[in-house]
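> Listed below, chain by chain, are the residues.
There are 2 protein chains.
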Amino acid sequence: MLLKINRESPKPVYKQIIEEIKALIDHDAIGIDQPLPSTRILAKKLGVNRTTVVRAYEELQALGYLQSRPGSYNRVQKRRKEAEYSPERKSLIPWEKAANNASRELYELFLRYSPERPVGSKFNDKALNISQLDPDPRLYPLAEFRRCLRHVIKVHGPESLEYGTYKGYLPLRRLIARRLRLHGISVSEEEMLITNGAQQAIDLVIRLFADRTKKVAVEAPTYANVLPLIQFNGQKVVSIPMREDGMDLNTLERVLAREKVSFLYTIPNFQNPTGITTSHQHRERLLNICSKHKIPIVEDGFEEDMKYFGKVPLPIKSIDDKNIVIYLGTFSKALFPGLRIGWVTAHRECIERMTAIKRFSDLTSGNLVQMVLHDFLKRGYYDLHLKRLHRIFRSRMQLALRTMEDCFPQTVQWTRPSGGYTIWVTMPRKFSEAELHGFLSRYGVTVSPGSYYFPRTRTSACFRISIARIDEAEIKEGISRLGRALHKLR
Amino acid sequence: MLLKINRESPKPVYKQIIEEIKALIDHDAIGIDQPLPSTRILAKKLGVNRTTVVRAYEELQALGYLQSRPGSYNRVQKRRKEAEYSPERKSLIPWEKAANNASRELYELFLRYSPERPVGSKFNDKALNISQLDPDPRLYPLAEFRRCLRHVIKVHGPESLEYGTYKGYLPLRRLIARRLRLHGISVSEEEMLITNGAQQAIDLVIRLFADRTKKVAVEAPTYANVLPLIQFNGQKVVSIPMREDGMDLNTLERVLAREKVSFLYTIPNFQNPTGITTSHQHRERLLNICSKHKIPIVEDGFEEDMKYFGKVPLPIKSIDDKNIVIYLGTFSKALFPGLRIGWVTAHRECIERMTAIKRFSDLTSGNLVQMVLHDFLKRGYYDLHLKRLHRIFRSRMQLALRTMEDCFPQTVQWTRPSGGYTIWVTMPRKFSEAELHGFLSRYGVTVSPGSYYFPRTRTSACFRISIARIDEAEIKEGISRLGRALHKLR
Numbered sequence: 014m015l016l017k018i019n020r021e022s023p024k025p026v027y028k029q030i031i032e033e034i035k036a037l038i039d040h041d042a043i044g045i046d047q048p049l050p051s052t053r054i055l056a057k058k059l060g061v062n063r064t065t066v067v068r069a070y071e072e073l074q075a076l077g078y079l080q081s082r083p084g085s086y087n088r089v090q091k092r093r094k095e096a097e098y099s100p101e102r103k104s105l106i107p108w109e110k111a112a113n114n115a116s117r118e119l120y121e122l123f124l125r126y127s128p129e130r131p132v133g134s135k136f137n138d139k140a141l142n143i144s145q146l147d148p149d150p151r152l153y154p155l156a157e158f159r160r161c162l163r164h165v166i167k168v169h170g171p172e173s174l175e176y177g178t179y180k181g182y183l184p185l186r187r188l189i190a191r192r193l194r195l196h197g198i199s200v201s202e203e204e205m206l207i208t209n210g211a212q213q214a215i216d217l218v219i220r221l222f223a224d225r226t227k228k229v230a231v232e233a234p235t236y237a238n239v240l241p242l243i244q245f246n247g248q249k250v251v252s253i254p255m256r257e258d259g260m261d262l263n264t265l266e267r268v269l270a271r272e273k274v275s276f277l278y279t280i281p282n283f284q285n286p287t288g289i290t291t292s293h294q295h296r297e298r299l300l301n302i303c304s305k306h307k308i309p310i311v312e313d314g315f316e317e318d319m320k321y322f323g324k325v326p327l328p329i330k331s332i333d334d335k336n337i338v339i340y341l342g343t344f345s346k347a348l349f350p351g352l353r354i355g356w357v358t359a360h361r362e363c364i365e366r367m368t369a370i371k372r373f374s375d376l377t378s379g380n381l382v383q384m385v386l387h388d389f390l391k392r393g394y395y396d397l398h399l400k401r402l403h404r405i406f407r408s409r410m411q412l413a414l415r416t417m418e419d420c421f422p423q424t425v426q427w428t429r430p431s432g433g434y435t436i437w438v439t440m441p442r443k444f445s446e447a448e449l450h451g452f453l454s455r456y457g458v459t460v461s462p463g464s465y466y467f468p469r470t471r472t473s474a475c476f477r478i479s480i481a482r483i484d485e486a487e488i489k490e491g492i493s494r495l496g497r498a499l500h501k502l503r
Numbered sequence: 014m015l016l017k018i019n020r021e022s023p024k025p026v027y028k029q030i031i032e033e034i035k036a037l038i039d040h041d042a043i044g045i046d047q048p049l050p051s052t053r054i055l056a057k058k059l060g061v062n063r064t065t066v067v068r069a070y071e072e073l074q075a076l077g078y079l080q081s082r083p084g085s086y087n088r089v090q091k092r093r094k095e096a097e098y099s100p101e102r103k104s105l106i107p108w109e110k111a112a113n114n115a116s117r118e119l120y121e122l123f124l125r126y127s128p129e130r131p132v133g134s135k136f137n138d139k140a141l142n143i144s145q146l147d148p149d150p151r152l153y154p155l156a157e158f159r160r161c162l163r164h165v166i167k168v169h170g171p172e173s174l175e176y177g178t179y180k181g182y183l184p185l186r187r188l189i190a191r192r193l194r195l196h197g198i199s200v201s202e203e204e205m206l207i208t209n210g211a212q213q214a215i216d217l218v219i220r221l222f223a224d225r226t227k228k229v230a231v232e233a234p235t236y237a238n239v240l241p242l243i244q245f246n247g248q249k250v251v252s253i254p255m256r257e258d259g260m261d262l263n264t265l266e267r268v269l270a271r272e273k274v275s276f277l278y279t280i281p282n283f284q285n286p287t288g289i290t291t292s293h294q295h296r297e298r299l300l301n302i303c304s305k306h307k308i309p310i311v312e313d314g315f316e317e318d319m320k321y322f323g324k325v326p327l328p329i330k331s332i333d334d335k336n337i338v339i340y341l342g343t344f345s346k347a348l349f350p351g352l353r354i355g356w357v358t359a360h361r362e363c364i365e366r367m368t369a370i371k372r373f374s375d376l377t378s379g380n381l382v383q384m385v386l387h388d389f390l391k392r393g394y395y396d397l398h399l400k401r402l403h404r405i406f407r408s409r410m411q412l413a414l415r416t417m418e419d420c421f422p423q424t425v426q427w428t429r430p431s432g433g434y435t436i437w438v439t440m441p442r443k444f445s446e447a448e449l450h451g452f453l454s455r456y457g458v459t460v461s462p463g464s465y466y467f468p469r470t471r472t473s474a475c476f477r478i479s480i481a482r483i484d485e486a487e488i489k490e491g492i493s494r495l496g497r498a499l500h501k502l503r
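Just so you know, the sequences run in chain order X and F.
Whatever position you read off the first sequence (first residue = 1), add 13 for our numbering.
Whatever position you read off the second sequence (first residue = 1), add 13 for our numbering.
Fair warning: there could be bad hints in the mix.
Identical chains blur together in the list; that is why a pair holds if it fits in one copy or across any two.
[Stated by the list, open to error] Each computed DSBU-like pair below joins lysine-lysine, with the alpha-carbon atoms no more than 35 Å apart:
(1) Lys24 / Lys167
(2) Lys489 / Lys91
(3) Lys103 / Lys273
(4) Lys443 / Lys273
(5) Lys305 / Lys110
(6) Lys35 / Lys324
(7) Lys249 / Lys227
(8) Lys228 / Lys273
(9) Lys324 / Lys139
(10) Lys167 / Lys489
(11) Lys501 / Lys28
(12) Lys324 / Lys391
Bear in mind the hints are in silico, worked out from the structure with no lab data behind them.
Next up, chain X with everything else stripped away, as it sits in the complex:
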């Protein structure tokens, strides 16, 4: 075996050995199952330290070039290749039938839509996508995050990679609880559970209460990802229509008098999808109605931190003196969705029970990311980042609304959100998802069809746009294209 080693090179000798041997194997100069020289002999031949050769062989082993069984330690092995997916692979189990009814229905919904993010979807790639609710990655405070990562690994070391506690990293819970005081909410870390994004918090709430004899009351329209989950957990939905000022409380009163309801799910700020924010009076009345019927309120505060126009009422949770509100939030809409960190706070008896469900369904949330987020909050980076986001989105939202004024036909109506990312548009006639996507894609723009946000409908006269991920130029261009399309609707 001939290896060219250059001692003058800045590349370490063991790396040179690796590369030379890899090349020999890749070009079949050494065949499968052939042994390499022993480390002692090769070291002597090359005039290098034996540990250098051992290190090279170990890496070659790790890379799959050498066998790793004792006895055949230095033999070249057939490199594992990736298996290719074969659609012909048959199974003895009829998986569709084997799955329960709820899973079957959920899978159909899963195939039908991907409301929040067009991952591998049917969207026109060249169209300008003004539907996405993920925060704009161009605005990520990456340098600050990197600093926190380094710090946490340095200071906490192995602890950051161990299992955490069931409720989540205590200092993070404490800090989130403290932050909530900004929003008038007074809870302790014992009344708080860290979850994998707000979505898991919703799943845990539903699993806590799910009962076939009861229904879950939701706004119509509402957050698209919550409807299939309620159904999947064997609960029926009862819809309370959204008015201009929030859910129709008269309807709610009638429904609660008539139906057995396990809980009410509401998004009082910048509601998803409508962008509507309810008044303090509306919140008080809602709380009174639910208190009267002893119905827990699940308040989704997913964009609580995006009050960039100011003057938004405090959360229902802040006036919840009877402790019936389960309040949840997330860092996915104003910071990093990829950390998957959300949280839920409620009366301790409720939180303890949700913790039990989380503990058996995935043990704990990731410790490292919680620690890094804690450090990020503690250093004040999140507040600084929010301030920047507020400035940017104040201006983006104003521009979006102004452009709609300029470009949209008079027959079309839309909401004027006081924060957050989403605007809800109502057209003069109904469309199916496919019809709307097809129509708009010819104008090079993608929105989120209204039918996603209602239970059991496939047509709607509405759609949602979101300014979360598009800058001012894209807002102008996207909304102008949309305007041109809407003019053709008549």
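With the hints as your guide, set chain F onto chain X.
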């Protein structure tokens, strides 16, 4: 306002300003609602650049010392303090009653035990804990991990903090699939789903199949965290007793002929808790029996990588030509549990349906940690780490078994695992959890009571010990203490 700024100090001037002002506020030298001088005036007075003062004020704001509303920008605010938990906080909702039956039962189990990890538990703190199945953090390859973290953030930047795809980070799925070839399993990335640890994979399987008219067949004893989860999802358990060579297949045949079973859950290698590994013949027969009844097998390969004595048969999945096996694994037992990364592979029709459930229950797993793990695997660090673990645990397990030979009374029996971490001990008479804990804690040692691993029992003649987190000295000391205690049992 008098501030002492030292230009000679290595501490940046803006930090000095922050500290001085913090001290003034903390000592009430500046009161709540009082304004600080404008940034322009203070900068002039201190003879520093205005941006230095702006930066200091912004951090003070972020730290909660200054108000952040426009107009009252520089005013001192009352610092938010943490809310203290008050056990007197009453709720209008009777949470115990409001929760469904399944949640109520799960909560009772949650309170009763924390089998894997004594987090905030009743264990004697001074006792040597030889019960834990988490990997030893003293062995973590932290430097390598840090290198991968830096690399991923540098190369992938914002992408690493965005939402990922539903099935998980594609290159990671591909790499895990490729690694599985080492174990004779040939699957593609399309047949693979990344989960939050193996526990979430189990939860997803159960949610896919759960059906009140069917039962889940499990080994008895089995992994403690799976039993409450099956129950919680409304399924009954049917137990197949473990023999010295694995689950009793004659009993399994009788059960499958008699009962409607939705799936079978098995751990063929280093079974948790017994440490038993089944033979290739046993695996073949098990596969045949389940094929005959068209029952999916859920094979938990949580310690597949811990075959440090060699000579362990390949997984059932490797001979699964009819594609009835759902195979799951994790990086929590040989690498970092705090990343919360596990995975499950099965026929694509099955994986797609599990993906739908995961998508609605927590959207996706964390992107950053998946990318870092991928980098870690790709560089060969995991294989190198495993090699080191194998050396260490070969020797730890040998020492543990030898010490048991030396110290345990003849009336006590135990398993001789061919890998993994756990050893199962059978005593001459039954104990309740409390009795056993009480008895052993007087001898300064903690084990995991056998009752945790059986459905619906509170006594057992068995217990589990684990060598995962204790070094050789601790093994010797712990097992000697245990031996002394066991001698007193008679």
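> Against this structure, judge whether each hint is valid.
Here is what the structure says about each hint:
no.: 1; hint: Lys24 / Lys167; verdict: both (28 Å within a copy, 21 Å between copies)
no.: 2; hint: Lys489 / Lys91; verdict: neither (56 Å within a copy, 42 Å between copies)
no.: 3; hint: Lys103 / Lys273; verdict: between (45 Å within a copy, 24 Å between copies)
no.: 4; hint: Lys443 / Lys273; verdict: within (32 Å within a copy, 47 Å between copies)
no.: 5; hint: Lys305 / Lys110; verdict: between (44 Å within a copy, 17 Å between copies)
no.: 6; hint: Lys35 / Lys324; verdict: between (65 Å within a copy, 29 Å between copies)
no.: 7; hint: Lys249 / Lys227; verdict: both (7 Å within a copy, 23 Å between copies)
no.: 8; hint: Lys228 / Lys273; verdict: both (6 Å within a copy, 30 Å between copies)
no.: 9; hint: Lys324 / Lys139; verdict: neither (38 Å within a copy, 55 Å between copies)
no.: 10; hint: Lys167 / Lys489; verdict: between (45 Å within a copy, 32 Å between copies)
no.: 11; hint: Lys501 / Lys28; verdict: neither (64 Å within a copy, 59 Å between copies)
no.: 12; hint: Lys324 / Lys391; verdict: within (26 Å within a copy, 51 Å between copies)
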